[in-house]
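Taken in sequence, the protein lines are chains A and B. Using the working numbering, the first residue of the first sequence is number 1, and each one after it goes up by one. Using the working numbering, the first residue of the second sequence is number 252, and each one after it goes up by one.
It is possible that part of the hints are untrue.
Listed next, the in silico DSBU-like pairs over lysine-lysine satisfying Cα-Cα at most 30 Å (straight line) [to be verified]:
hint: 1; chain 1: B; residue 1: Lys432; chain 2: A; residue 2: Lys126
hint: 2; chain 1: A; residue 1: Lys65; chain 2: A; residue 2: Lys229
hint: 3; chain 1: A; residue 1: Lys21; chain 2: A; residue 2: Lys61
hint: 4; chain 1: A; residue 1: Lys117; chain 2: B; residue 2: Lys415
hint: 5; chain 1: B; residue 1: Lys263; chain 2: A; residue 2: Lys110
Chain A regions said to be covered by chain B (calculated; three or more residues, Cβ under 8 Å) [as the list claims (entries may be wrong)]:
hint: 6; stretch: 13 to 22
hint: 7; stretch: 80 to 92
hint: 8; stretch: 148 to 161
hint: 9; stretch: 193 to 206
If you are wondering where the hints come from, they were derived from the structure by calculation, not from laboratory data. The structure presented is a predicted model; accordingly, all values stated were derived computationally and were not measured. Beta carbons: idealized from backbone N, C-alpha and C, even for Gly.
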Amino acid sequence: MDIKMKIENLNFFYGELQALKDINIEIESKKITALIGPSGCGKSTFITSLNRMSDLIEGTKVEGKITLDGEDIHNSEVDVIELRKQVGMLFQKPNPFPKSIYDNVIYGPKRYGGKRKVELDEVVEKSLRGAALWDEVKDKLHQSALMLSGGQQQRLCIARCLAAQPEVLLMDEPTSALDPLSTLKIEELFDELKKNYTIIIVTHSMQQAARISDNTAFFLNGELIEFGKTTSLYMKPVNSLTEEYITGRFG
Amino acid sequence: MRDNNISSRKLKNAVFHGIVLGATGFGIVALILLLMQVFRTGLMWLDWDFILSMPSRFPEKAGILSALAGSIWTIGLTILFSLPLGIGTAIYLEEYSNKKSWYNKLLQLNISNLAGVPSIVYGMLGLALFVRFLNFERSILSGALTLTLLIMPVIIVASQEAIKSVPNTLRQGSLALGVTKWQTITGVVLPYALPGILTGSILAISRAMGEAAPLIMVGAAGYVAFLPSGPMDSFTVLPIQIFNWTSRPQAEFQNIASAGIIVLMILLLSANAVAIILRNKYQNRMD
Ligand SMILES: Nc1ncnc2c1ncn2[C@@H]1O[C@H](COP(=O)(O)OP(=O)(O)O)[C@@H](O)[C@H]1O
Ligand SMILES: [Mg+2]
């Protein structure tokens, strides 16, 4: 088993409020790890602590250790800018920039520097293909991204992440704002994506977690209740709280 | 009983409609009368000769060139100073400063209040600070710096509002891609806020273009018969030249003052047109 990220004894505080309590998880490389649990249990907090987007919120405190390929991401040597290139993030609501489709995809690479125009063109095609959007937009790359449907916008945001050549993709309920058909398209994409990327996805749909993930973590009130292979967690959960949650008795 | 009530409400409705219509009408009628007066007296004096000649004691020879050049110099420098300073301040206040700290609240309160200070007060400040203390004398530079102080609060407040309107999800989307904060500001925050910043700034700059009082304080001259060749030259501007002409006894000077007013209005309207065009251009790109 190849471990991409390892989270050890993670505690997270918003001021006085402790949102994560002593979390220990190992994220398998090139697998999909799903995070489930009722809202407010700390899933978003967990996921934003992995690329340190949580640093942007004032008054927070992190304890414990998070490693990416064995390196502590809170180490003072680690550049948080570089970390976020390696660990890309997709948000709940699609948030394309009010720019052209082309400019959205190259937003990152253009700013990391050192790429020529031809190379950027390549990046655009490759990333859009990677997000299964190329065929739909190849004739209108210079139109505004805001013209796209919600599902296309979310795939554009995936392409935008891919253009940074990340290793890990964090997704916080990426399909919760989309219709069933768009959701299906994105779920189909996951099989392709996990060949090259390690994916951690928060979902409030247990069916979705069951369909797409290899491993599942169940959170409750800031604690990790159970973590294991998705099949075994759903077939024979060890913890009775997990069983109650997946059979829909609460949350 | 019930009918009665309805008809009295209808009457009230009609009365208020009349009052607000009257209020609008008053402004419009006054404006039209003013414009008619200006055009009637000024239009026949307005030709290329008028625009390309220096002021003179003889009304038929007098022109507006030195004032026009002075206005362009002064406003040009004012734009050069006030835009970077104003927008920079707004970026600092919105994106970098800790908004909860007491000194920031104080700063914010001050900026908002400064926007309402009479322009003559800025003129006195300019006289003391730029003309005397910094020894810039009665120059275009002193005038431009004074106007910069005058319009900076307006530019800051307008830019802040525009920056505030940028959705946070865009900032997060940008930062999550591993670009720096500064790249996020130039990459998504400013482009999104630009229409608002431009609109506010150009309105502020048009205000500066029409100001006479603070420039009289810092010593803009009433009669300048040469073209300024640099920022340290003495100068006059359109509003002061117009004021100077209107205060002369001869009727002809009243008329060329009107011609000057037309030139100033054309300048102001062009500035506003530019604002509208720029705003629409960027807004279209947004949606
Ligand atoms: N910015 C914040 N400031 C303070 N408390 C927060 C903030 N974000 C989340 N929380 C709190 O942390 C807990 C976990 O929230 P979150 O991670 O968003 O849960 P989930 O994503 O599972 O719904 C909740 O109690 C929530 O109220
Ligand atoms: Mg959440």
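Which numbered conditions among the earlier hints are violated in the structure presented, ordered from lowest to highest? Of the numbered hints given earlier, those the structure breaks are 4, 5, 6 and 9, listed in rising order.
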